[in-house]
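Chain residues, written in single-letter form:
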Amino acid sequence: GAGVSQTPSNKVTEKGKYVELRCDPISGHTALYWYRQSLGQGPEFLIYFQGTGAADDSGLPNDRFFAVRPEGSVSTLKIQRTERGDSAVYLCASSLRAGGLLKSHEQFFGPGTRLTVL
Amino acid sequence: AQSVTQLGSHVSVSEGALVLLRCNYSSSVPPYLFWYVQYPNQGLQLLLKYTSAATLVKGINGFEAEFKKSETSFHLTKPSAHMSDAAEYFCAVREDGGSNYKLTFGKGTLLTVNP
Chain W
1 GAGVSQTPSN KVTEKGKYVE LRCDPISGHT ALYWYRQSLG QGPEFLIYFQ GTGAADDSGL
61 PNDRFFAVRP EGSVSTLKIQ RTERGDSAVY LCASSLRAGG LLKSHEQFFG PGTRLTVL
Chain V
1 AQSVTQLGSH VSVSEGALVL LRCNYSSSVP PYLFWYVQYP NQGLQLLLKY TSAATLVKGI
61 NGFEAEFKKS ETSFHLTKPS AHMSDAAEYF CAVREDGGSN YKLTFGKGTL LTVNP
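Note that the protein sequences, when read in sequence, are chains W and V. My numbering applies: residue 1 is where the first sequence begins, and numbers increase by one. My numbering applies: residue 1 is where the second sequence begins, and numbers increase by one.
Hints in this document: simulated from the structure, not taken from any laboratory. These numbers come from a predicted model, not from an experiment. Heads up, a few of these hints could be off.
[To be verified] In silico DSS-like cross-links for lysine-lysine, where the CA-CA straight-line distance does not exceed 27 Å:
(1) W:Lys78 / W:Lys15
(2) V:Lys107 / W:Lys78
(3) V:Lys68 / W:Lys11
So that you can see chain V by itself, here it is in the shape it has in the complex (with noise of 0.2 Å):
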């Protein structure tokens, strides 16, 4: 069975430094992994994802996060956070095969950028 563990259910770091935002996951058979955001009263946003062609991800907003297979982890970064940053943040896997289709997320990151 898959599942996802985002260490840190909260994040705070400041305007302009450094977003490391960590997910760990488990899976019986090569993932598909996802991040996703959610900004207030809004429904979640896929910012990247991977696919298995590189396992550095470039995805929306400046955001970045690699696949390292022997760490099972698939850390979500930025390099210099804004206020619009500010946001929850999830990680998902996703195990294809016959019908099973469905996302399974971590609990969450909730980040905070402070001024």
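For reference, chain W alone in the conformation it holds in the complex (with noise of 0.2 Å):
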């Protein structure tokens, strides 16, 4: 079956740009998240989808940035007004379900879009 999947996997972009992110999780997998990969750094929380809605949006630096899950499996994350800082891998994870260390709870990653703000 297939992994998580995630386009574009490069997007460029000037500086006050709107730009979309696609995260397409694993069939079936009901807990989605986003993090954010900058240069020399592990990756960071962003946001976690359970079905539908946003459980948790604590990571989100700012107001610029927002992710859609409509129909509890493809997302977008969202990035307004983008700003060279916010240059970075972002990566997609999805999970059977969010908690336990059941193998069904093992988040599973995608191969990530790297974003260049210019």
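These two chains come separately, so use the hints to put the complex back together.
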């Protein structure tokens, strides 16, 4: 079966532009996470969805960042008025359920979208 | 608040040598601990996880890690490095409570294996 996929794999944009990054989780996974990985850093949590709702958006850096998951499957991370500091790899992960340590709760990561803001 | 410190951003070993990647954590509650590996242009892959059932955890590709509460450590080891082990390794901690299932990662350690 397919893993988590993310599109585009690379996105170059100009400062001030709007971008959308897409995540297709593994089919049937109810939990979806977005992380941001800046150069030389580990991934940092942005937002977590359980089904269609954002259960925890405490990692979103400011109100320029927004994410949706309208049908409980595909998610889109939206960044308005991009800034050079937004340049990073944006990672998406999904799991069958959110917590616990059973195999079904493991977070599976996609390859990421590399965003470059010029 | 939870946090992870990985000592050494870059570790270089010879093929066949012992691999030791260090991870120390800080957590206000008993933590769940993970090691992930990231190959170039690929997503993070789970190597192993600490479940509190056993302090010595065995993972894939011959890796293992030992949870030491007194030292707040979860170091990753492999007895004999292989060229294919060259990658970046991340230690992560998770505190479960309510809806907080996020992973907190260290900055990563790049492992280089020399022939």
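Comparing the hints with the structure gives:
1. W:Lys78 / W:Lys15: 15 Å, holds
2. V:Lys107 / W:Lys78: Holds: lysine 107 of chain V and lysine 78 of chain W sit about 25 Å apart, inside 27 Å.
3. V:Lys68 / W:Lys11: 42 Å, violated
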